[in-house]
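Student: Since the structure of chain H is already known, use the hints to place chain E on it.
2 protein chains.
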Amino acid sequence: MNAYAALEAHYGRIGRLDDALEILFWDMATMMPKGGAEGRAETLATMKVLRHELAADPALAERFEGAAGQELDAWQQANLREMKRAYAHATAVPGDLVEALSKAGSACEMTWREARPANDFARLAPKLAEVFRLVREVANVKAAALGVSPYEALLDQYEPGGSAARIDAVFDDLASSLPALIEQVIAHQAKRPAVIRPDGPFPIDRQRALGVKVMGTLGFDFDHGRLDVSHHPFCGGTADDVRITTRYDEGDFTKALMGVIHETGHALYERGRPARWRFQPVGVARGMSVHESQSLLMEMQACRSREFIGYVTPLLRDTFGGEGAAWSVDNLHRLYTQVRRGLIRVDADEVTYPAHVVLRYRLERALLADDLQVQDLPGAWAEGMQTLLGVKPPDDRDGCMQDIHWMDGTVGYFPTYTLGAMTAAQLFDAATRADADILPGVGRGDFAPLLRWLRANVHQWGSLLSTDELLTQATGKPLDAAVFRAHLEKRYLGDA
Amino acid sequence: MNAYAALEAHYGRIGRLDDALEILFWDMATMMPKGGAEGRAETLATMKVLRHELAADPALAERFEGAAGQELDAWQQANLREMKRAYAHATAVPGDLVEALSKAGSACEMTWREARPANDFARLAPKLAEVFRLVREVANVKAAALGVSPYEALLDQYEPGGSAARIDAVFDDLASSLPALIEQVIAHQAKRPAVIRPDGPFPIDRQRALGVKVMGTLGFDFDHGRLDVSHHPFCGGTADDVRITTRYDEGDFTKALMGVIHETGHALYERGRPARWRFQPVGVARGMSVHESQSLLMEMQACRSREFIGYVTPLLRDTFGGEGAAWSVDNLHRLYTQVRRGLIRVDADEVTYPAHVVLRYRLERALLADDLQVQDLPGAWAEGMQTLLGVKPPDDRDGCMQDIHWMDGTVGYFPTYTLGAMTAAQLFDAATRADADILPGVGRGDFAPLLRWLRANVHQWGSLLSTDELLTQATGKPLDAAVFRAHLEKRYLGDA
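Going down the list, the sequences are from chains H and E.
Okay, so the first sequence: first residue is 34 according to the working numbering, each after it adds one.
Okay, so the second sequence: first residue is 34 according to the working numbering, each after it adds one.
Hint data in this document are derived by calculation from the structure and do not stem from the laboratory.
Treat the hints with caution; some may be incorrect.
Any copy will do: because identical chains look the same in the list, a pair fits if it lies in one copy or spans two.
Keeping only pairs whose Cα atoms sit at most 30 Å apart, straight-line, the calculated DSBU-like set for lysine-lysine is [claimed, not checked]: (1) Lys81 - Lys117; (2) Lys425 - Lys81; (3) Lys425 - Lys224; (4) Lys81 - Lys67.
Quick caveat: nothing in here was measured; it's all calculated off a predicted structure.
Pulled out of the complex, with its shape left as it was, chain H reads as follows:
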C-alpha cells in the first residue's frame, strides 16, 4: 500500500469512529435512560482517547512526506491538505494541557449550571478565568503550529482558514449599521397591524406530524434519517442516517416548526456530502459557517419568505384546526418576521441576532488577548448590549452568563452563526437569480429546484474548496456583507 492509500485507510477508521460517536451522542440526548449518564460519559471519553491516538499517530508524519511525492488528483490533494490540518490540530497541544482544559471546562460548566440560576457571577468568575487562561495557552501553541494568530487558531477549529481581519471588517460594518436598522425596522413594524399569536394548545403529536410533513417537503428522506426529541435541538448522525431533533411547546407551535426546518437544512447538507469521500477529511462539511448557512438558508431565507408562509398557512390551519384573523397568511408572516430588542441570543430574530454575535466576538477576542479581565466582563457586556442593541441586562443571568460556549472553553465559535446568516443570504440570492423557479417552488411546496441548486453548488463539494472558493464559485464573489444587509432591508423595510 502506498503512503497516500495508507493515509486514506487510516483516516477512514477515524471517520468510522466519528460515525459511532455521532450515534452514541444522539442516543445520549434522545434515548438513554438517566441512569446511563455516568457510564456513557466514560465510554465517550474512552472513544475520544482512541480517536485522538489515531489522529495524532506519529507514524502519520512520515506518510505525509511519502504522499507528497505521489501523483494525486484534486480531491486526493485536498484530502491530504485536510489530513495535515487535522494532524496539526491533533498534535499541537500537549496531552497535559488538553486534559487540564478538559477538566477546567467541566468544572466551570458545572459551576455555571448552579451560578447562572443564582445570578452569582462572582462564583463563576474564577472558574471562567481559569478556562480562559488555559484556552489562551492552547491558542498560543496552536497559533505557532498553524502559523496564524491565536484567535485564528481557535477559529480554524470551526471555520477552517477563517480570517480575523475579514471578520473584523464585516462585523464592524454590522456594528455601525445594525443599531440604526433595528431602530428603523421596529418603527416600521409599529405601523403594521398588531401581531396576533394563535391560541393553543397545540398537541405534540400534531406538531410532530406537521414537522415530518414539512421535512418531507424540504427533501428529507426518512429512509436515511429520523426526527426525535431532545432538550437542545441538533443535527447528528451521518450522511446515510441523519438524525435531527427538536423540542415541543404545547403552547407555541412556531418554534418547533422553524426548529425542525433549521435542522433539516443541516441534515440536507450532511446527506448531500460527496458519497466517495464521506468518511475522509475532504468529504466532511466545509465548516461551521457553511453548515449554519444551510440551516439558516432554509429557516430564514426560504421558510420565512412570504411565499413559504403562503404555502404552509393552510397546512397549519388543517393541523391545528385554526381559523380567524390569527391564522391569515398576513398575520402569520408578521408573526414569523417580528423584530424585537431582547436580552437572549437564542430567542433573537434575524435582524437583532447579529448584534448579539458581534458583542460576543468582540468580548472573546478581548478576553483571549488579556485586554479584558473576566471580572470586568459584566460591565463590558452591559455596555455592549446598550451600544449594539439598546437594551440593558437587569442581571448577569440573562447577561454574560446566558451561553454555555465559553464555559467549556469553546472560543472562536460565535462568529460562525453570523457568518452563516450572511452566507445564507448570499447563497439564496445567487440561487434565486440562477433559477427563477426556486422561489415560486418554495411557494408551492416544491423544494426540488432549491435542493438541486444547493446540491450542485454547496453540498457535493464537501471540503474540496476553501469557504471563500466555494462561495465565489457559487455566487461570483467571496462573502459580501452588502447582500445580507440588502436582504434585511428588503424584508424588514420593504412594503410586505
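Tutor: Coordinates of chain E only, in the frame set by chain H:
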C-alpha cells in the same frame, strides 16, 4: 503503573468499546432507518477490528508475565485468568482465517436467506460445507492453544470451561428419557379440559403497557434501561443501561408477555453484575448457560408457575377487557404449559425444547468431526427428529434449515440453551428451598425475595467462579440433570 494495573487499564478500554458496540447494535435493531444499514455494517466492522487489535495486542504477553509475580486478591487473580483466556482466543486464529470464515459465513447466511424459503438445501449445501471446513480449522487451532478438544474450543467461547464429556452424559440422559416423558405428558394433558385461546385483537399499546408493568414487578429499573421493539428480541446495553426488546402480535398477547419476562431475566443479571468489575473480564456474565438460566428462571420457573399465573390473570383481564372461561386462571395456566410435538425449536415448549437442542448438539459435533457430511444433513436431521421428538419434517425449510446459527459459523452455542434450562431449574429449586417466601412472593407479584437470592447467589459473582463452582456454591452441587427432570415431572405430570 505496574503490569496488572496496566492490564486493567487496557481491558477497561476494551470494556468501553464493548459498551459502544452494544449501543450501536441495539440502535441498528431498533432505531436505525433502513438506509443506514450499509454504513452501519462498515462502522461496526471497523470498531470490531479496533477491538481485535486491542484484544490481541502483542504487548499483553509480557504484561501477563509481569502480573504473574504480583500479589493479587481473588478478584484480580480471576480477572487475570479471564484476560488470559480472552487473549488465547483472540490470538489463536491467524487473521486470514478469521477473515475467510467471516466472509464464508456472510456468504452462507445470504444464501440461506434465499434458499430457506425456497426449500433449496442443494443450493445451501456447498456454502455450509465451506463454513464447516473453516470452523473445523478454527476449532483445531483454538484447541491447540487452549489445550482442549476442538469442539470444546468452540464451546469455550460461549461456555467457558465447558466439557463435552459432561454435556454428553447429561444429554444422553435426556435423549433416553425425553421421548417417553413427552409421550406421557401429552397423554396426561389430553385428559385435561381443552385449552381455550383468548380472542384478540390485543392492541400493541396495551401489550406494551402490560410488559412495562410486569418488568417493573420483576425488578427492572427504567432509570437504567428501556423496552423497545425489534424483529428478533434480545437483551443488550450494559449494566447501567440495559436495553431489552420484544415484538408484538396483535392476535396473540402470550408470546410478547413471556418474551418480555425472558429478556427481563437476562437484564436483571446484567444489571446485577459487580459494580467494581463491570468493564473488566471478571465482571462480565459467567457464560451463556448461566445467562440463559437467568432468563429461563424468570420465564419458565417463576412465571409459568401456577402462582404467577394466578397473580397475572386479573392484570390480563383488566388490560384486555377479557372475561369468560378463556380468562380463568386454570385455562391460562393450561395455555402457558401446553406441550406439543413441533418442528420448530423457537416455538417449542419447555418439555420438547431440549430434544431440539440434543439433536443439534449431536449433529454439529458430527459435522465438526467430519463424521457427518453436510450433504447428508437432511437425512440425519429427519432421523433424529423421528427418534427424539416423534415427528418427521415435511421439508428442509422447517427441518435442518430453520436456524441461523450454523450459517455464520456459530457452532458450540446450541447446548447452552438446554444447560441454561437445567441450571434454571436447579437454581430455582435451591432458591425456593432457601427462602420459603420466594414462591408465595411470585404469587403476589413481589419478586424482591427472588431477586435478593439471585443477586446474592448468581449476579454479584460475575466471572469470579467457574460455572461449576458458582452452581455448587449456590445449590450445593454441580449441574444435576435429575433436578430438571423432577421439575418437568412435577409440573407436567403432577395434578396441577
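Student: Mind listing which of the numbered hints don't hold for this structure, in increasing order?
Tutor: 2
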